[in-house]
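Q: From first to last, the protein sequence lines are chains A and B. Per the numbering used here, the first sequence runs over residues 557 to 863. Per the numbering used here, the second sequence runs over residues 24 to 319.
Simulated from the structure, these hints should not be mistaken for laboratory data. Even for Gly, the Cβ is constructed at its ideal location relative to N, Cα and C.
Pulled from the structure, derived: some chain A residues nowhere near chain B, Cβ distances all over 12 Å:
| no. | residue |
| --- | --- |
| 1 | E558 |
| 2 | I610 |
| 3 | H611 |
| 4 | W662 |
| 5 | K669 |
| 6 | I671 |
| 7 | P686 |
| 8 | V713 |
| 9 | A720 |
| 10 | T741 |
These stretches of chain A come out as covered by chain B in the derived footprint (C-beta under 8 Å, 3 or more residues):
| no. | segment |
| --- | --- |
| 11 | 644-655 |
| 12 | 782-791 |
| 13 | 815-823 |
| 14 | 827-835 |
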Amino acid sequence: MEFYLGLLQILGVHTLLGLSAYVVLLTGQVSMAQAGFYAVGAYVAAMCTAMFGIHILPAVIIASVSTGILAMIVGFPALRVRGLMLVVATLAFGEMVRMFFFNFRWQIERDGKLIGPNGAEGFRAIRFFPENGWETGDVALFIWCIVVIVLGLLWWVDNTRAGAVLRAVGHDEVAAQSVGLNLTTIKVAAMALGGAIAGIGGGLYAHTVTHIEHGVFGILLATFAIAYPILGGLGSVFGTLLAVIFIQGFLVEGLRFIGDWRSLLFGALILLVMNLRPTGLLGERMSPLKTLFSRKSPVVTNAKETQ
Amino acid sequence: MDYYFFIDLIQSLVDGLLFGTTYALIGIGFTLIFGVMRKLNLAYGAAALAGTYVGLAAAFVTPLPPILVFFVSALGSGVIGYIVYLGCFRYTPSSHPMAALLASVGMLLFIDELVIHLSHGMPYPYPSVLRNAEITLGEIWIRGDLLFVFGICVLSMVILYWLLYRTSLGLATRAVSQQPRAAQLCGIPTGQVNALTFVISGVLGGTAGAMTAAAVGVLSPIIAMSLTTKGLIVVVIGGLGSIPGAIIGGLMVGAAENVFQLLRGVTERDIYVMLLLFIFLTLRPGGLFGNTEGRD
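Work out the full structure: start from the sequences and follow the hints.
A: Quick look at the structure:
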């Protein structure tokens, strides 16, 4: 049981990571900086609870707000370039964050022990959950409450005007601009929202593993972040959720018995899906449940929607 | 600012410039592929490394002189480049650029894991030439093996230029990179040109991988990541799609990296290189020689 609850925790934080990339991907930008925001969120939240004794909920909110602001600051210059150049720019930012934490030392004494980030050794003893007597199940519940809130929020945003605006920018920048949308504002807003979500994910991650170090937040994590939404499909938030469950639940944990070969399988699977279903598992835009159950053919309802 | 510091500075600048030619080769590979297909191949660094391992594996089977090992590495990387083309770019629709990008990420993870799996993640010694030779110019001395790396890289660039500007294959490649549809109308088989570009850039990548391994002396899977990131940085500084830009960018990154290593130590070196890239991106998004008009 403990194992499955632990797995639930992993699924939760990875869903948040995937969702943070999902928001940015909606505007057609591929951001490799999500692992960087995730790292900043992890360090900030961990510093709040372990060094200054703040409760986890405000700590995560502080982490989320600070990564959101950071994402906005990074977003302004980075979004001057687009497409492939943005991939490189954000990749560089992610690596810069990682190298920063590799060199970052700030320790204070608490209960006779030195606590805080210690360069290459990482940040040890982020023990908020065990100190306050939270069981594995409580932690999993806490994480999933937050995940559900974020998922619901994004799903709601997706189905309002704001979601349509994001998608419009993603589909055709020139057309979006010609109907009076401010590209920079929208892209930076998406970036900030994505950064804030990544910060929440990172903050929760730091507390579930109790020890974080710079190596975790490398390019591999950044590729995972963009792989979830693209693999699942950009149609809705559930694509990301499905991809996370499939990769982390089935490929990483479910296939443990084949040992080292499963990481080989992971790359091969991405290749296969992208060749067979280039729009992702759930496709570009999931048809609403209404059209699935109604007698009218989906073509007719689609035509009505476009009017 | 004493005299010896100045000598150290010049020394690391020279070493950096010599080694920077490998970055330039990787950058040219990225640029060539981007030029003809307008797509980024993130699996490129991993493919180059895998090719280098092919050369090493050949040396395990039958003892080969170092030059032949380098040659087999380059050829192996060319073959892997073709496989990457088939796997990631041939069958993914061009209307979904993200599909090809993510497919190349999948290929990157696959090749990386395959290499780690087959080599058990252990670093292996890689042959080198002129290891003990050195040239002394006053207070500065130049390592023989680095000079050899420099020579081979420059030679491959010369061959590439000959290929691109003196053969009909090069003419076709340049035509496709300027206007794919018009090139197709003129009867140029764009699919074949694309595939050949992947092979050529694969050979360049294999050469760069072999030269990196020869300069370091060992071959380990970690090199793949640094090849990829450094190659991308070089391309952005030089301008996507520009070969002279990639060469100058490569030399700049090599030199900057070594100077920062001297000034700030090895752990902080990469931060400053990334910062340099970020500044370049914001102040000059098109790169040094980038042509942003009429593209995308």
